[in-house]
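Undergrad: Heads up: the sequence lines are chains A and B, in that order. Per this note's numbering, the very first residue in the first sequence carries number 104; after that it's consecutive. Per this note's numbering, the very first residue in the second sequence carries number 104; after that it's consecutive.
These are calculated hints, taken from the structure and not from any lab test. What you are looking at is a predicted structure, and each value in this text was computed from that prediction instead of being measured. Errors might be hidden in some of the hints.
Claimed, not checked - Okay, derived cross-link-like pairs now, BS3-like style, lysine-lysine, Cα gap no bigger than 30 angstroms in a straight line:
hint: 1; chain 1: A; residue 1: 397; chain 2: A; residue 2: 320
hint: 2; chain 1: B; residue 1: 397; chain 2: B; residue 2: 385
hint: 3; chain 1: B; residue 1: 448; chain 2: B; residue 2: 385
hint: 4; chain 1: A; residue 1: 281; chain 2: B; residue 2: 448
hint: 5; chain 1: B; residue 1: 320; chain 2: B; residue 2: 448
hint: 6; chain 1: A; residue 1: 448; chain 2: B; residue 2: 281
To be verified - Covered stretches of chain A, as calculated for chain B (at least 3 residues, CB under 8 angstroms):
hint: 7; region: 129 to 141
hint: 8; region: 220 to 231
hint: 9; region: 496 to 509
A virtual CB, placed ideally from N, CA and C, is assigned to each residue, including glycine.
2 protein chains.
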Amino acid sequence: MDQKLDGRTVDVRQYVQELGQAARAASRELARAATETKNRALAAMAAEIRNGAASLLEANRADAEQAQRDGRDAAFVDRLSLTRASVEQMAEGIEQVAALPDPVGEISDLVTRPSGIQVGRMRVPLGVIGIIYESRPNVTADAAALCVKAGNACILRGGSEALHSNQAIAACVRAGLKSAGLPEAAVQVVRIADRAAVGELITMTEYVDIIVPRGGKELIARLTRESRVPMIKHLDGVCHVYVDDRADPDMAVRIVDNAKTQRYGTCNTMETLLVAEGIAPKVLPRIAEIFRAKSVEMRGDEATRRLVPDVTPASEQDYYTEWLAPVASIRVVRDIDQAMAHIAKYGSQHTDAIVTDDRARAERFLREVDSSSVMVNASTRFADGYEFGLGAEIGISTDKLHARGPVGLEGLTTRKFVVMGHGEVRQ
Amino acid sequence: MDQKLDGRTVDVRQYVQELGQAARAASRELARAATETKNRALAAMAAEIRNGAASLLEANRADAEQAQRDGRDAAFVDRLSLTRASVEQMAEGIEQVAALPDPVGEISDLVTRPSGIQVGRMRVPLGVIGIIYESRPNVTADAAALCVKAGNACILRGGSEALHSNQAIAACVRAGLKSAGLPEAAVQVVRIADRAAVGELITMTEYVDIIVPRGGKELIARLTRESRVPMIKHLDGVCHVYVDDRADPDMAVRIVDNAKTQRYGTCNTMETLLVAEGIAPKVLPRIAEIFRAKSVEMRGDEATRRLVPDVTPASEQDYYTEWLAPVASIRVVRDIDQAMAHIAKYGSQHTDAIVTDDRARAERFLREVDSSSVMVNASTRFADGYEFGLGAEIGISTDKLHARGPVGLEGLTTRKFVVMGHGEVRQ
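Next up, chain A with everything else stripped away, as it sits in the complex (with noise of 0.2 angstroms):
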């Protein structure tokens, strides 16, 4: 487990478990810090960052072309490289954070109980927040001000194609952590590349709180397997759209299209099309004929093929993927129940949405559809932090506990029971 940082041979385990007292110590201070202090921190974050902006494009291009040597293909460098526009956003990211309504410490539910005492409850940070992500450098910058504005420690572990840009860019976040006097191991990136040092993050309990993974589907099944640290994340993004035989079938070519078509790569893109068999010869058509136009493949049931005979027929495992390409499952369902049903056996509790005018139909949906974002006439694109209003996002949830949907800063907070007495004592 040995590895070699700055010259000297490290012990990895021994690494991380110091990084992880350094951020317990640190979430201390972090979690008694005044909103002013903490805005403080994340204006001066900003300005490093537009002040070093010249040194952040210099070190990330030196991943970039370590990228190109080790043979990595175009879409993967250019999800790795900072342009100046990527970097000003990373800044007015950071800004957006600051200008948001600070969680902590604010006391609801509160309550006189014949005993006398007062109970309520107070939000609070969770602590410790561990991060790991793939390429994208922009989330060191992001993940970083939202963990210190919901008044959390974190440890960030990027790829370690990006190694260089996410240590520049640390170095600017804990340059602001200190003009504001707060402590720089509030942010922390692991800077050994070893998968040991992500083994070791994801299984000391008593230093972090919380993970949050962001990246591929492999990456978030194996650490979910390993994890002993509960987690934010969500593994698939299966997401439906159901049109009902009572839509406005104007509406619904028209959500259908923004849910496949706007972008493919996204979590929140519908991957399979359900219509009720009553509308389905009015619809499906028209939806086939965009969907030929922007080259979306089809895959549909038989009911769909005999509407649309160019449609491949579509095996039971395509109902289960999620494309994330122009790709989409279709099939012809009698009605909301077994629209429902199929969202039930093959979806992935992410984002579902059904078109209908009915707003019985419409209720039932949004009860009895257990996912973590549920829409009535309207595209599942929206199920996004900034869409809901949260200001900004660590990632999405389809777990069930704590946080589901989009997590902002209030998922990245807890509430603990506070009790303000006069001398009470049980009876």
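With the hints as your guide, set chain B onto chain A.
TA: Okay, now just chain B, sitting in the frame of chain A:
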């Protein structure tokens, strides 16, 4: 893994999987059940328990006699034994749950976004809850009532020594569900005592959404290590009272007495007393007098022993110990900072209290002590679902995610995002 059940040989894993499948199906029906239907089921359960009291007591007598034959001690048999009065309490407990407001379906935080969509958060059941508990059979009725009211299905695994009692109670519960038209599989009892059944229950993530363990520390530590399903749990209750030098001495003595001696065996009992050095000479001798009179053993540091010579020297380990007995660890501290540092190091994040008349210190303590319940001028014994006004509790959580402190109906639910649109698409 084969076991006998009703004279047949069954595979334990398959048996528990079947319970899980049935629970998942039932949970969908429970999730959409009207409040009135759930309350009718709860009223019928209470009536069944009252009417079936004689046969409940008979089943319980069989368990108690078996426990005696197995050489269990009197305290164990006492915890296991039901009486006419405790059966009536069970029925009343269910009626109290029926009277609580239904958390399910409530939409909060509804906002209209610039895009035109309305976004809110709907409270929904968690799904399937596995409850693993030790000998008290009344948990069967309490837990079933809370789960059903919150719209969840549950799988109950009580101690093998209470199997007949638990099955008799569950029969009443299921008769109540049936009479209200709800699926009987909403409440199932694991009828195989084999430990492998627990192993399966805590790892079948596809059928179980959350595990609530209730029992001793060893049970919970083992389940925590082995579970793949998230848990609502607490391991330890090492609760502190800190008497600040700006405390009212009479109030301090009264609260410390109550927090330690009102009941010794509960998780919210004070285990360690911290006293500021400025007030120690005034309050410690008075507290020692009370403890001496009540035969509470005192273990303290040097400074404590200078003030109260008959105190036993405390070891480092004593400060980590949840006594659950008439024993108190005592330490004299410099000030609130040293008190909070002690709590952060030795505490279990359960419940901690400060006694002080200084408002700024009270606020610091409330904000900075990272425990699930934090109190000012009140006894730690108040950390309880009934005392906090939750109506009832399924347990107390010292975890940070999802639910902290006493967990009532709200902790058995989660919130999903709901979006009401009018055909909006994402730009």
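Undergrad: Hint by hint, say whether it matches the structure.
TA: Evaluation of the provided hints:
Annotation: proposed proximity of residue 397 of chain A to residue 320 of chain A holds, straight-line Cα distance about 27 angstroms (limit 30 angstroms). Between residue 397 of chain B and residue 385 of chain B the CA atoms are separated by roughly 20 angstroms; this keeps the pair inside 30 angstroms, and the hint holds. Only pairs whose Cα atoms come within 30 angstroms are accepted, and residue 448 of chain B paired with residue 385 of chain B is accepted, the gap being roughly 27 angstroms. Only pairs whose Cα atoms come within 30 angstroms are accepted, and residue 281 of chain A paired with residue 448 of chain B is accepted, the gap being roughly 26 angstroms.
Simply put, residue 320 of chain B and residue 448 of chain B have alpha-carbon atoms about 19 angstroms apart, close enough for the 30 angstroms limit, and the pair holds. Our distance criterion of 30 angstroms between C-alpha atoms is met by residue 448 of chain A and residue 281 of chain B, whose separation comes to about 27 angstroms. As drawn, the region 129 to 141 of chain A meets chain B at 3 residues by the rule of a beta-carbon pair under 8 angstroms; at three or more, the given contact holds. Counting residues of the region 220 to 231 of chain A whose CB falls under 8 angstroms from any CB of chain B gives 6; the rule of at least 3 is met.
Given a C-beta distance limit of less than 8 angstroms, the hint that chain B covers the region 496 to 509 of chain A holds, as 7 residues qualify and 3 suffice.
Checked against the numbered hints given earlier, this structure breaks none of them.
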